[in-house]
Amino acid sequence: MFKGRILLAATAVLVLIAAIVHVSLRAHTRDALMLADPETILSDPSLRTTAIGLGTDVFARHCTACHGAEGRGNRQVGAPNLTDGDWLYGSGQVAEIEEITLHGIRSGDPRGWDQASMPAYGRARPYTREPIPPLSPGEITSVVGFLRSLHGAPLDGAAVRGKVIFVGRGACWDCHADDASGDSAIGVPNLLDDVWLYGDGSARALFNSIAGGHAGISPAFSHTLSPVEARAVAAYVASLSKPHAKDSQR
Amino acid sequence: MTAKDPAPDIWSLTQPGARRSLVFCAVGAVVGLLIAGIGLFTAQGTRTSTVPAEDVALVNNVPILTSDYITQIRALYDVPLSRATPEQKRRALEDMIREELYVQRGIELGMQADTVEVRTALTGAVEAAAAADATMAQPDEAQLQAYYKRSLARYADEGTMQLADYLVPAGVDAVAAVAALRAAGSGAIARYRLRQTDRMRDGEEYRFAARIHLGDALFAVADRLRDGQVSDPVTRPDGVHILVMARHVTPPPRPFQEVRDRVLNDYVAVQSKVLTAGNDRFLRKRADILIQKGFE
Chain D
1 MFKGRILLAA TAVLVLIAAI VHVSLRAHTR DALMLADPET ILSDPSLRTT AIGLGTDVFA
61 RHCTACHGAE GRGNRQVGAP NLTDGDWLYG SGQVAEIEEI TLHGIRSGDP RGWDQASMPA
121 YGRARPYTRE PIPPLSPGEI TSVVGFLRSL HGAPLDGAAV RGKVIFVGRG ACWDCHADDA
181 SGDSAIGVPN LLDDVWLYGD GSARALFNSI AGGHAGISPA FSHTLSPVEA RAVAAYVASL
241 SKPHAKDSQR
Chain W
1 MTAKDPAPDI WSLTQPGARR SLVFCAVGAV VGLLIAGIGL FTAQGTRTST VPAEDVALVN
61 NVPILTSDYI TQIRALYDVP LSRATPEQKR RALEDMIREE LYVQRGIELG MQADTVEVRT
121 ALTGAVEAAA AADATMAQPD EAQLQAYYKR SLARYADEGT MQLADYLVPA GVDAVAAVAA
181 LRAAGSGAIA RYRLRQTDRM RDGEEYRFAA RIHLGDALFA VADRLRDGQV SDPVTRPDGV
241 HILVMARHVT PPPRPFQEVR DRVLNDYVAV QSKVLTAGND RFLRKRADIL IQKGFE
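Sequences listed follow chains D and W, in order.
Every letter in the first sequence is one number past the one before it in our numbering, and letter 152, counting from 1, is 152.
Every letter in the second sequence is one number past the one before it in our numbering, and letter 269, counting from 1, is 269.
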């Protein structure tokens, strides 16, 4: 009887010690994740395993509604594909993704990214931040023609008129650049590649984007996620477009 | 106890001892008082001795987040943390610590009470916090769809008009010209010497643009015309007008999926207003506001 109690007590003490060691190690690993340079996480096997394990869970809970379970995005709602290596904002660094995770895009968080949005040229007042003249349906069609010409369609008269509008009174160049290559510093898509944020690059989709405008939102999670969760999900997202990181998880 | 009994050993744990209990109690009290005294006279707030892993520094216990520090380095030097030099890192951190010290000093000095810029920034920040909460709420698809259905008119395109605006020359019977246009179409234009104005010469226009070009009175007439219809004569200060509508498009609302981001933006804006209004009510409710007579 007495021996039995001693054994029970010893077992309880061992379980307690094991739990304390487990929690300490876990805390230590998470601390290591926070203390590391974010850009080194994916190249360190131990940190990567921790980050991707935790990040996968955070991504599933908070990000899949818009970006999809595999992070391939949703062009109907303007949620970018996170697996293709084409970054709308920044260049795909873990620290940049972490910043967006914490402070969002047009989220209302003063630290969020909110430098520009796509004007609605088919409305009386296309842009609320500065005066930009609206375009007529014909002018929008011409700009669409110009954009399609960048993807192999003929540069006909309408497309030439569209180019004049693009670099002229439409002020499209101001964000998309003279050569339509975009600007990832302010989240402006490159119009030269075949990566489309909204729609499929068809004339109709382009017309709708120019006439109706866009201003996608990514929420700020600074009050929802812990710092280590934010970093982990940022590392996970960065890993989605880095095949070697994914391969190592298989 | 008799005189022959040996004195009990108070440190023997096998025997109960009231004196031993008192000694332990007293020692505990003294140690407790010592710890409290040291804490009381050497305290710096509730200072912690280590910096949490997610922070790069603590300034009077206010954390400077590592993520903000990395952002600062990128903003200042356009390099990731891994490529920043030790000097760049040191300067970025010194700048952030200095800023935090100045913010804390500003609060000590009551800057929020008398510096307009600080008050404006604080007001904006609290409002932005409400907006951030609205965004964070992440409405589900059902809520967005319900909002879209309640606000369908917002999600229709502007609609377009393509029409000709003719002025009737003096001496010409405008009613007869209208009848001829309706009967014979464009052949009547030359016969009645109708002159097209420049107002709608650009072809298809959005309705808001047509309203600007035609003016409210003529636009109201045009708005009632369908494809191919000719208006009655409209007398305006510059003469008698006849409108011939080639194409009038009043599009239906765009499908939900095409405008989902706009719906989300609008929904968040509405929720943000609701939260801000709730915040206003809460702050007023808990505040003690006295208003001078005559200023209610």
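Hints are not guaranteed to be accurate.
A short, non-exhaustive set of chain W residues, derived as facing chain D with CB atoms under 10 Å [said to hold, decoys possible]:
id	residue
1	A57
2	E99
3	E100
4	M136
5	Q138
6	D198
7	Y206
8	N265
These are computed hints drawn from the structure, not numbers from a lab.
Heads up, the beta-carbon is just placed ideally off N, CA and C, and yes, glycines get one too.
Each hint, compared with the structure:
no., hint, verdict
1, A57, "13 Å, violated"
2, E99, "14 Å, violated"
3, E100, "15 Å, violated"
4, M136, "5 Å, holds"
5, Q138, "6 Å, holds"
6, D198, "14 Å, violated"
7, Y206, "6 Å, holds"
8, N265, "6 Å, holds"
Violated hints, listed in ascending order, are 1, 2, 3 and 6; each of the other numbered hints is respected by the structure.
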